[in-house]
Every structure is written in C-alpha cells, then in structure tokens.
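Novice: Counting from -10, one number per residue, gives the positions in the sequence shown under this note's numbering.
Since the hints were made in silico from the structure, they are not lab data.
Any given hint might turn out to be false.
[Claimed, not checked] Cβ pair distances, simulated, as ranges: (1) Gln2 x Asp60: 16 to 22 angstroms; (2) Trp97 x Ala62: 19 to 25 angstroms; (3) Gly91 x Thr56: 46 to 52 angstroms; (4) Thr56 x Arg88: 34 to 40 angstroms; (5) Asp49 x Gln(-8): 29 to 35 angstroms; (6) Gly43 x Gly4: 21 to 27 angstroms.
In this text, all values refer to a predicted model and were calculated from it rather than measured experimentally.
For every residue, glycine included, the Cβ atom is placed at its ideal position computed from N, Cα and C.
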Amino acid sequence: QVQLVESGGGLVQAGGSLRLSCAASGRTVSSYDMGWFRQAPGKEQELVARITRGSIYYADSVKGRFTISRDNAKNTGYLQMNSLKPEDTAVYYCNVGARFDGRWNEYWGQGTQVTVSS
-10 QVQLVESGGG
0 LVQAGGSLRL
10 SCAASGRTVS
20 SYDMGWFRQA
30 PGKEQELVAR
40 ITRGSIYYAD
50 SVKGRFTISR
60 DNAKNTGYLQ
70 MNSLKPEDTA
80 VYYCNVGARF
90 DGRWNEYWGQ
100 GTQVTVSS
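Given the sequences, and given the hints that come with them, work out the whole structure.
Specialist: As structure tokens, then:
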C-alpha cells in the first residue's frame, strides 16, 4: 500500500505562487507515474500535470505556469504553481500509479485546497 499526503495549499492572490508537495510512504514510488489532478466546485476532475518515466504532460491551461517534479530520494513529488489565476482555484490531488502483480495499482492523496483571489 502507498499512502500519499499533500501539503502546500492555501490562499494566494492572483499572480502569486504556491508549491504543492506529495509525500509518499509505504513503498518507494520512484518508478511510479505521478500526477496532479484538480477539481473545482461543480466541475469535473481535471488532470493538471503528469510525469512518467519518459515524458511530462501539462494541461494547456497550466502550460508555462506550473512545473511538476519529483525528488526520488525523498519519495516526494511537487507541483510548482506560478502566475496563479482565480480559475486555478480547486482541490488538488496527488496520484501515483504503476503496473505490477498483473494489474494497474493507483493511489490518491486526500487533497489540498488552493484558493486564488482576484
């Protein structure tokens, strides 16, 4: 089992920055895909950024403003968010996944609230 704990959310003014952290425990997740999702009230969950062994994906809405990274020594992932906009307001969730034991295994954090004021 993998446990994920997000931190770093909060209230920030438009144009500001936040760095979200996703600390994993239970297993080493360095070989797992890692992603950040968000869900705003009344909207569907959206994949914001994802890092795999071979590539990094960003949603068009965050390209050039957000950066996903990971520190394998700390078993932790990050989402650096710059130039924040009110429309970035959402609960942000960390997700890791890998295929083993013949199936896809996926784990989620509890979420951290990000609120951007105009």
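Novice: That 19 to 25 angstroms hint for Trp97 and Ala62 (C-beta), does it hold up?
Specialist: holds (23 angstroms)
Novice: Starting from the range 46 to 52 angstroms, see whether the pair Gly91 and Thr56 falls in it by beta-carbon distance.
Specialist: violated (34 angstroms)
Novice: Could you check the hint for me, namely that Thr56 and Arg88 are 34 to 40 angstroms apart, CB to CB?
Specialist: violated (26 angstroms)
Novice: Has the hinted range 16 to 22 angstroms been met by the Cβ atoms of Gln2 and Asp60?
Specialist: violated (28 angstroms)
Novice: Range hint 29 to 35 angstroms: satisfied by the CB atoms of Asp49 and Gln(-8)?
Specialist: For Asp49 and Gln(-8) the Cβ distance comes to about 31 angstroms; the hint holds.
Novice: A range of 21 to 27 angstroms was offered for this pair. Does it hold for the Cβ distance of Gly43 and Gly4?
Specialist: violated (33 angstroms)
The structure is inconsistent with the numbered hints 1, 3, 4, 6, although it conforms to all the rest.
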